[in-house]
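Fit chain B to the given chain A structure using the hints.
From first to last, the protein sequence lines stand for chains A and B.
In this text, residue positions in the first sequence follow our numbering: the first is 572, and each later residue adds one.
In this text, residue positions in the second sequence follow our numbering: the first is 838, and each later residue adds one.
Think of the hints as simulated: they come from the structure by calculation, not from any bench.
Mixed in with the good hints there might be a few duds.
Unchecked claim - Under the rule of at most 30 Å between Cα atoms (straight-line distance), these lysine-lysine pairs were calculated in the BS3-like manner: (1) A:K716 - B:K1066; (2) A:K828 - A:K841; (3) A:K828 - A:K869; (4) A:K841 - A:K869; (5) B:K954 - B:K1054; (6) B:K981 - B:K954; (7) B:K1075 - B:K981; (8) B:K981 - A:K693; (9) B:K1054 - A:K716; (10) B:K981 - A:K1048; (11) B:K1075 - A:K716; (12) B:K954 - A:K716; (13) A:K1113 - A:K1044; (14) B:K1075 - A:K692.
The model shown is predicted, which means the values in this text are computed figures rather than measured ones.
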Amino acid sequence: MSLSHDVVIVGAGGAGLRAAIAVAEAEPRLSVALVSKVYPMRSHTVSAEGGAAGAISADDSLEEHAYDTISGGDWLCDQDAVENFVAEAPRELLRLEHWGCPWSREPDGHVAVRAFGGMKKKRTWFAADKTGFHLLHTLFQTSLKYSNITRYDEWYVSRLLVDDGRVCGVVALELMSGLIETITGRSVVIATGGGGRVFPFTTNAAIKTGDGMALAYRAGAPLKDMEFVQYHPTGLPFTGILITEAARAEGGWLLNKDGYRYLQDYDLGKPEPGPVLRSMELGPRDRLSQAFVHEMAKGRTINSPYGPVVHLDLRHLGERTIDAKLPMVRELCRDYERIDPVHELVPVRPVVHYMMGGIHTDRNGVTPLAGLFAAGETACVSINGANRLGSNSLPECLVFGARAGRAAALYAVEAPPPALAVEAQGDDERRRLDEDLLRRSDGPDRISSIRTEMQAILEDAAGIYRDGDSLTKATDKLRELKERAATAAVDDASRRFNTERVAGLELAGMLELAECILHSALRREESRGAHQRTDFPERDDKRFLAHSLAYRESGGSPRVSHLPVTITRWPPGKRVYGR
Amino acid sequence: MDQITLRVARYRPDDEETEPVLVDYDVPLRPDWAVLDGLNYIKDELDGTLSYRWSCRMGICGSCGMMVDGEPKLTCATFLVDLAPGPVRIEPLANFPVIRDLIVDLTDFMHKLSSVKPWLIRQDEQPVEDGEYLQTPAQLDEFKQFSMCINCMLCYAACPVYGLDGSFVGPAAIALAHRYDLDSRDEGDRQRLTILAQPDGVWDCTFVGECSTACPKGVDPAGAIQQAKLAAAQEAMKSLLLPWRSR
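Bound conformation, chain A alone (with noise of 0.2 Å):
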């Protein structure tokens, strides 16, 4: 059997959605297929906490929320893209209001903003701590009003059709089933978030493997600026689970094991009582986790059973901000910590967090294959170049993943339908799933084996700090490991709701995903953003204003290439924040 619709997306978060509807509003005659492995509702973006970005105060304007942007981005953001994203942002934020958002509101019924890390306005739009909850949420329900949607839940997507260079549908798993299918399309849209998942401690949900961004690259797309990822400043220990910045922008403060605000020691500003904007415990991300490290090397963290901590202190806020402002905070500290945040300590450690790289898309979410469009965090425009300011990925999500659902949707209108060849390609995809992974009950190696070790390599070797030496060893393992999961074995038979098969594949796309992050950062000679090398620890503008892009060879390791950065209005200067 085989599916056909005009546009086919994968992926049913924020991106996802947004784009659908995009689609379903700019060409109503088009029928859109919405695949994903999970229910909408259960996609990631529903962990998102503390809000998105789009300057709509008075005092605030596009500049500076560029400037925030691109600065916060270590200048390796593409400028033009920037600026249609500041541009846009308020918008698609007052579109999500206009479809029914529950955005936090003023006393005189206006939108509330909040201050956020690296942004030196308030601008932040929040609903309560639960912001991508309710973006979702709202997304999902809008979605439900279009006839012209026809959703795929629980449909995992192993390969894409390509027919002479141009792609022209997928081919899929029902889970439910077990059924291997083609849905053809005149275009496709990726939007299945990252990869977090490929480190071992991160506060990416089990679903976030990367497999739009390994789908894309097996097709011969490139991925670009894979080295940088992002370490988040605060998890909880043990579940990585992310207490927002919100917390922060709220007026916490992050002590060191003498109860000292050790931020103040890595030139981020002097402590004042209160959050002061792109200061403190406001600076960006990656030079919050990197301070972390470097306390820890001073032997100035508390150590805990899994590891080394920070405190997040929250008390001074007292109860009546914490449950009006962060009432997720105080629920997650207390079922995951058996903590109250308003009278105890939350302990924090640095926890991936997000891959400011992805699937190499321009301003429209065009990828350098004909017909295959991308969006939200699997995509990489660049907006956030080396570091992504907190609150500028729902944003994100909302204007590339309608940008990409647009561009998708005039590709699919001029578009000649796809070849009726592309369906051998289904049978092929079926021998392998069926006959390939279903038949290897008896493999030296067991898959949650090869991903635990596959996890170990790269927070060794790709975690906040990197040099050559471990980077160049590191690849080495993992092309050994990718060969033993070739063969690892998959205990599971059967084909109705077969999850084993499904981490098999998933697998797969994350060793994909962990070369090309490996070789990127050995190949970029310099520290910029969330990616510092000790042996080149300066940024060195003359060799790498460029963004990195990880080809697949035919071998299967990856070539990378460079490719400069777009610089309209901002040359590159100096990150100063507390000053």
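Just chain B, lined up with the frame of chain A:
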């Protein structure tokens, strides 16, 4: 190290199993471990064939609802130490068809969810350029709690009415309809009331209140259903007394 036994319902129709069977697995009893961590231990270390849904493991994605010792729970937010010494019985959510092991079929719920028109309905769409619809914090508070539903399905597993009659629209869908009805920006009350007042709508509820007890997010679907009944009754009275209004 201390261990605890998880007694897990296994059901593999591919292998021609017709009835679920309970299988015991011993997992480490660690102070921080949720039931979900125990299941992940089984999957990763003992038996890769065990199937269940999970994702965010922070109580917001709604994937990992199961029956734990007979009660509907989010397994990521239910801790093994609180269930010691065990054994802990883990089964798929009650009242739903089981696809396999701990995975239930949500197709019916997804239809019900869209049937109540859970989106903002306006007579006149204001252009986005004109700015936001104003809404005071008090107006937001009117519906806020009903917008907190994560669709985890614990309320359906707890609902005796849904258990007896699967055609009942059910707690989460009604609470969501009510959320939009209470939203000061929405004008779709009457459209949704027409749906909720039909057979299988709010009148099926016998006000047992189990749904609100089961809710892990503090939503009160039972309260929503009672309020919706009142609104439906008032609407019915109005159309009886003022028949021209219902046109």
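| field | K1075 of chain B paired with K692 of chain A [C-alpha distance capped at 30 Å] | value | 51 Å, violated
| task | Verify the proposed pairing of K716 of chain A with K1066 of chain B, using a straight-line Cα cut of 30 Å. | result | Measuring from Cα to Cα gives roughly 25 Å; hence the hint holds.
| query | Do the alpha carbons of K981 of chain B and K1048 of chain A lie within 30 Å of each other, as the hint requires? | reply | 51 Å, violated
| query | Keeping to a limit of 30 Å between CA atoms, is the pair of K841 of chain A and K869 of chain A held or broken? | reply | With a Cα-Cα distance of about 20 Å, the restraint between K841 of chain A and K869 of chain A holds, given a limit of 30 Å.
| task | Would you check the hint for K1075 of chain B and K716 of chain A, treating anything up to 30 Å between C-alpha atoms as holding? | result | 29 Å, holds
| message | Check the hint pairing K828 of chain A with K841 of chain A against an upper bound of 30 Å on the C-alpha distance. | response | Holds, because 19 Å separates the two Cα atoms, which is no more than 30 Å.
| Holds or violated: K954 of chain B with K1054 of chain B, Cα cutoff 30 Å? | 22 Å, holds
| Does the alpha-carbon distance linking K1113 of chain A and K1044 of chain A stay inside the 30 Å limit? | Holds - the C-alpha atoms of K1044 of chain A and K1113 of chain A are around 27 Å apart, at most 30 Å.
| message | So if I understand the rule, the pair passes when the alpha-carbon distance is 30 Å or less; does K1075 of chain B with K981 of chain B pass? | response | 28 Å, holds
| query | When you check the alpha-carbon spacing of K981 of chain B and K693 of chain A, does it fall within 30 Å? | reply | Status holds; Cα separation ~24 Å.
| field | Agreement of K954 of chain B and K716 of chain A with the hint, judged by alpha carbon distance not exceeding 30 Å | value | Satisfied, since the Cα-Cα distance of roughly 8 Å is no more than 30 Å.
| said: Please verify whether K1054 of chain B and K716 of chain A have alpha carbons no more than 30 Å apart. | reply: 26 Å, holds
The structure fails to meet hints 10 and 14 from the earlier list, while all remaining hints are met.
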